[in-house]
Amino acid sequence: MIQVRNLTKTYGDAVVVNNVCLDLPKAGITSIIGANGAGKSTLLGMVSRLVPMDAGTVTVDGLDVTKAPSDVLARRLSILRQDNHVVSRLTVRDLVTFGRYPHSKGRPTAEDAAAVDRALAFLELDGFADRFLDEMSGGQRQRAYVAMVLCQDTDYVLLDEPLNNLDLKHAASMMRLLRRMADELGKAIVIVLHDINFASCHSDVIVGMRQGAVVCTGTPEDIIRSDVLRELYDVEIKVHVIDGHRIAIHCG
Amino acid sequence: MSARTRSLRVIGATGVLAVCAMLAFMTLDAGGRWDFVLPFRGTKLAAMLLVGYAIAVSTVLFQTITNNRILTPSTMGFDALYVLIQTTFVFALGSEAFSSLDRRIVFLIEAGAMIIFANLLYRMLFSGAVRGLHLILLVGIVFGILFRSLSNLMQRMIDPTAFVALQDRFFASFNAVDQQLLGVSALVVLAASVAVWRLRHVYDVLALGRDAAIGLGVEHRRAVFAILSIVAVLVSISTALVGPVTFFGLLVANFAYQMIPSHRHVFVIPAAVLIAFLVLVGGQVILERIFAFDTALSIVIEFIGGIVFIVLVVRGTAR
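Each protein sequence line maps, in turn, to chains A and B. First residue of the first sequence? That's 1097 in the numbering used here, and the numbers climb one at a time after it. First residue of the second sequence? That's 69 in the numbering used here, and the numbers climb one at a time after it.
Read the hints as simulated data drawn from the structure, not as lab findings. Everything numeric in this text was worked out from a predicted model, so none of it was measured. Heads up, some of the hints might be wrong.
Stated by the list, open to error - A short, non-exhaustive set of chain B residues, derived as facing chain A with CB atoms under 10 Å:
(1) L193
(2) V273
(3) P329
Cβ coordinates follow ideal geometry from the N, Cα and C atoms, glycine included.
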């Protein structure tokens, strides 16, 4: 379990994350939703030790993320942020092989190569292994990055808006992939999502944030409701049940 | 053919050419006076190899921690910082005390000061807190101007003999190498190379960017501190030996990236070093023996390097 206690982050006078306490389960998909500037990405950044915190603690299975050695954490928790840009010219296989770095320390073994192949196959990238990243579409590139964090083989996989730049079809297939990662490989997946309906249809737990604070946590049935969403987003949102899924509808 | 084989071939070919250039440099037009020619040219060659090595390695490593192929230690004002430290030394001690001190000891102290100041000034900039190439480039230029102006101010206030002694050292010239420093420089380069070798597995990961590197378990702060220190030492060496050379590192590092079909530093760094050897020694041979003019190599390199720099900046902005 990832335990977040009294976590706070301020930039100047602006409190971006305000005294957040939260437990993230070690299974299934947990989505973090909320309006722009609600502090979702900053929260994820602090949990994954990329962003320094001003107050509070984060522990991953009992390891304090600010104190535990980075390489120990890298074998338990992986993180993919938005806007990944690499200066060097990498093939997909090069990139995915980096996911083995916490295990191989730069000397990949045959076992690591097998893990890379499995990750490529899982994300349906077998045919693209030797393509350069800059020769691929946004959706394929995003899959390559997810393959890298999958290859890191950690219990927790944190993804900051993995659906960014993906069209509807690719976004849906990404969510199905994440579902399979959670179900078949037993990963605990934490994602920041903008699309409420993807969160509703594919999550086990939804965390709602507003102005730096966690205002609600629960199953999609608890969270995807008109009154809760109004509080989160400040707009009128209707919720209908379609084919067993709770779908939020907002017109203008 | 795999990227590995192709990289090795490029490195092999560059190596052979570099050795040819060195042989040509040592033997062409010797006129039979070997007992004079060999030691004389040998020191010059040794200095060129040390400087080429220091600049190539420091530039590639610097570009790796900054995730950027336009910034170099010299465009960010590292060599100006070293000149400032040197000038401050002369200013504080006075020229007599300065010249009575052992040059090698002075150099080691200056290199130490360089490590401390480089880390204090630049770590903030490259720890991921400041984003945006233009801002960083601007800060580097401002730093460079500040350091140079401070040096100039102090140089005007010291006595003229000390000024002349200092001035001599700050003109990039492979013909007027400080011989006293060669030995100690070689030792320091060796020590720096051991440090470079021990960190060899980290560079490829660091090149992915700060966030990805931390996510993969690199102690980013510590790695950046170590590499900035290595860069500071190597820049001190090249500046102490031949003075500031602004665009040479940019030139060889970008040649290496273009020629090596792999992102891996085990290929890129040796390639950059060999290209530096080839350009320096080969350039010197061509200028001295074929065009028969003696001093202009640094000017030619700076001219070409400056053009490459402008092209890279324009392309980087367009992207």
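Broken hints, numbered, in rising order? Hint check: 1 fails alone, others pass.
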